[in-house]
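Novice: Relying on the hints, combine the two individually framed chains into one complex.
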Amino acid sequence: MTTFLTILFDGVAYGMLLFVLACGLAVTLGLMNFVNLAHGAFAMAGGYVCAMLVNRYGLPFFAGLPMAFVVSAAIGFVLERLLYRHLYHRNHLDQVLFTVGLVFMSVAAVDYVMGSSQVFINLPQVLQGQIDLFGVGIGRYRLMIIVICGILTVLLQLTLARTRFGSQLRAAVDDPRAAVGLGINVPWVFALTFAFGSGLAGLGGALGAEILGLDPHFPLKFMIYFLIVVTVGGSSSITGPFLASLLLGIGDVAGKYYVPKLGAFVIYTMMIVILILRPNGLFGKTAVR
Amino acid sequence: MPWYEMPWRERTGIVGSLYDLSRWRWGEMLFWTLALMAILLFPHRYLILTEIAWLALFVLSLDLILGYAGIVSLGHAAFFGVGAYTAGLLALHHIIDEPVLALLVAGLAAMVLGFVTSFLVMRGADLTRLMVTLGIALLLRELANRFSDITGGFDGLQGIVMQPVLGLFEFDLFGKTSFIYCLVVLFLMFLLARRIVHSPFGLSLRAIRNNPLRAAAIGIPVNRRLTAIYTIAAFYAGLAGALSTQSTALASLDVFSFERSADLLLVLVIGGTGYLYGGLIGAVVFKLLQDVLATWTPQYWQFWIGLILVVLVLIGRERLHRWTRWGPERIKTILDARKSAAVAGEKTP
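Line order of the protein sequences matches chains A and B. Just so we're aligned: 90 in the numbering used here is position 90 of the first sequence, and the numbers increase by one with no gaps anywhere. Just so we're aligned: 357 in the numbering used here is position 68 of the second sequence, and the numbers increase by one with no gaps anywhere.
Since no wrong hints were added, every one of them can be taken at face value.
Derived SDA-like pairs (lysine to any residue); straight-line CA-CA distance at most 25 Å:
(1) A/221 / B/588
(2) A/221 / B/549
(3) B/628 / B/313
(4) A/221 / B/442
(5) B/465 / B/390
(6) B/465 / B/331
Derived contacts from chain B toward chain A, CB cut-off under 8 Å, selection only:
(7) 424
(8) 435
(9) 547
No wet-lab data here; the hints were simulated from the structure. Just so it is clear, the structure is predicted and the values come from calculations on it, not from any experiment. Glycine included, each C-beta is placed from N, C-alpha and C at the ideal position.
The shape of chain B in the complex, shown without the other chains (with noise of 0.2 Å):
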């Protein structure tokens, strides 16, 4: 009997967990309204926030290689690449005009290459996985730029024409339309993400992270299972890849580019690993700075991603996270005091 079947009170030990864990909290609903509320609230904005989208979807691929697998990966962008020159060369030669359905190609071009990537990956240790990661990466754009008669090389992919979403909305000037769409296909594939994380088969990758040796002696196909999600994130690479191409009308050859593998990871520890949230937090604060930074200093905005960085990992990752945490959790005791005390000032009149 599968656990939302079963009667509550039989919901205990890990199925109960599970349960808890996958139940949505109000901090989420506030998230994605917000989220919605931004359609109204930021007209002039929707540039920024459509490529907050798509890089919230990108920084959520890697999340579930990284944060819940331990996949530690150099050439995310190799797959945000194949999928955004799919997406620019269906809508370029009008093989595919409508932008959903290819999208989803886009997707599973990226699915592809993961599938059979992932078996080189899984070899070898941290840093042999680190160089492949990036090799694999670096391979695929000089693969573009020596094609330049398909990619347009340097130039990149030029002239193209996005047809309506599903026929019916066309992309307007002002990029509301492929806002709205960017924040539907990122809610949808965060749905999806959000039950996946929350299976068994998300609590089996998690226990492959904290040991491998561990989980495959309780009979964990440790493999099997790497195989499985670095696919899963290969395609949500591929369907970040494709918004950006199909919002921009561009693809160019820096869509593989090394520094925005490393950006990715940047995004990700911003907001933090190995919850889905931190990703999207962290692609909101990431996309502002960016641009404030590049307004202060459009030249050297680099310098200061840099910093960032360094001062991130030598303050520690986990200690800048309990900071944040630590306001709404004081709130919360301070709140839950003053209900006992009102409680207990009840019964003893």
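Chain A on its own, in the form it takes in the complex (with noise of 0.2 Å):
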């Protein structure tokens, strides 16, 4: 029982985190229909922001996240501004060789500066170790992992239901030309939205170097994840891939820990059958258009 209780709480921080990671892209890949396979170099960028600021110049764990964060983000907002704003219109086909064009760049490039070997984030003592709670062992950095994202997702929700800037994003992407016509300035809506889904993927990889693991093929290694919870999740509203990725996490830990021997295999049929019996997503409503 403890250790089912320790599988689902492992298995809850897990998909939170992918949460955090993806859910930028449930809004360029799902609301707005561009196929980003890129997500992950940004969240890439943002471990090692993080990494490099924490390992080499001493910073403390808690001031290097933010940092990611912004970093991240304004990387994301040049790259909107200047070469993806192109591509809205473009097919699908020309989405995807741009995105994994990119990734290749990343990735290479990342080897180049920073090495091919695996980073550690010096954690801070407070986040090592666990907590006993009624018998079932917690590990603190987890735990952590959960509030962090926790928190985001409440503030994300209430960002797009309740804030200006959230139904100006959802009117640009239900009907851009009307909601040009409104006076709603949708490139910009666009790009501030994109920038803060990279940040906060920057975020995520941070907090998930720990866990995932950070090296130069990140982007390529979790891209699959990413399209899994916004595929699965479908794109009707932020719940859909919220619960995506739960169910993702929780699935992912319990079948490595269960049957380790089929792997990822568990997951990636999960994917492929849930597509099939639903193509628009789990929780979709709207048509893949």
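Specialist: As structure tokens, this is what we get:
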């Protein structure tokens, strides 16, 4: 029973981490219908920024996290303005080729600058070890992930549903032309959203370095996970990807614990079966355009 | 009455244009003559030539589904891998020693997989297709990794010894036999592909690519046609995989890798989608490029491949191909102008 609870806890932490990593993609891919396979590259950038600041310049870990967000968001913003915005109206093949090219470039560039070995971020003492809660061993680091990601999720949901910017984004996604007609600066809204999503990915990359591992092949290794979250979660709301992340996280951790021989097999099979039964995702309502 | 039995003057309309399309042009003959001459011209480069030959066959397979039928796939390596492992296992355990027969069996194995998975791919739009094809390739890679007692896991299949082709032609150290073998297979499969895309079946595929709804409205059974071409393409990819195993006597996990599928897309777009020589030219350019980049920066050549992809998309693929066609067409117009000027000169003395 306690092992089960520990697995559940680890799975939830893993799933929430995946959600923070992938929710930017949920907007670009799910809402704006742009196939961004390079999303993991932004996460990797955040991870490396945090690792460099903490390990090399001795910044505290909790100061490194926001920096990861800021730098990734800045990179995302610049790339969106320079390159991505030209591709929103191209076909999916062009988008795939372009973003795959970006992934290849980022992998080789990081390999060149930072070396090909795995990087670890020095964690403060507070985050190491476990807390014993009703006989269930709970990792402090994972607890922190759940807290941070939980807060972020609530904030995101509130931003999208309650704020002026949230409704502008929803309008811009639903019908860009009508939104422009209403005086909404649609390209600006898209650029900010893209930057914010990239920033969240960077934050996720920094948080996930401990659990997922951080090396130059990060964008390729986890690309499929991000895509699963978005396609399985559907694109109608933020709840779909959130539930999909939790399902994926728990499924992956449990699968690796109970049937280690099958490994990632469980996840891929699950994804294919779900996509066959519901091509628009588990929680999707709108058709994929 | 089939079109080829019709008298010349009746070959008009759709029949006439089909006939025009399927005629051999001098450029095509030149291409294949050059390919054949490569045997004599580059005796020290048989290894890369062989790689070009099976890559060309592989990219031909992608062109059939992407360029002609409009199915975007991120996991075409799945069929390549199945072909590669089938050929490797057949040779390793001496089940079928004769390479050509093993090649066919490997192709058929991939074909069966293609037929089964085609039903999964038919569901959903582009995005779902991308995910499902990618998922299938990853799934197979995971399977090959797990069943390492059969596949050799990360080390791959080792110790494959190839028997002579058709029992006559021994595989030599320099790779001459394997190049000629790959080239012959490529040419035969190219002929078949040429026949397919210039048939009414091929035309219907293009109609589906351009507009599936209209295609269905004029009575084309869309899903059945797509299943058929997907299965055929899987056969081609399986053959390519088998050729790669047979020519290198090695099959490892990276036959299923995502990079292979992604590179394949690049190869195709370098040459241009939707016409058969696009893939072949792309394969030649890509391999030469890779060769140069890999000797220049052995560890980081992927960066430049990525850069090429990005630039290619930003410039626009269509625009690029217009440029490459600009030269020959310009020469042709000048020649035509001269010819008509000469004719006009004769008429008005």
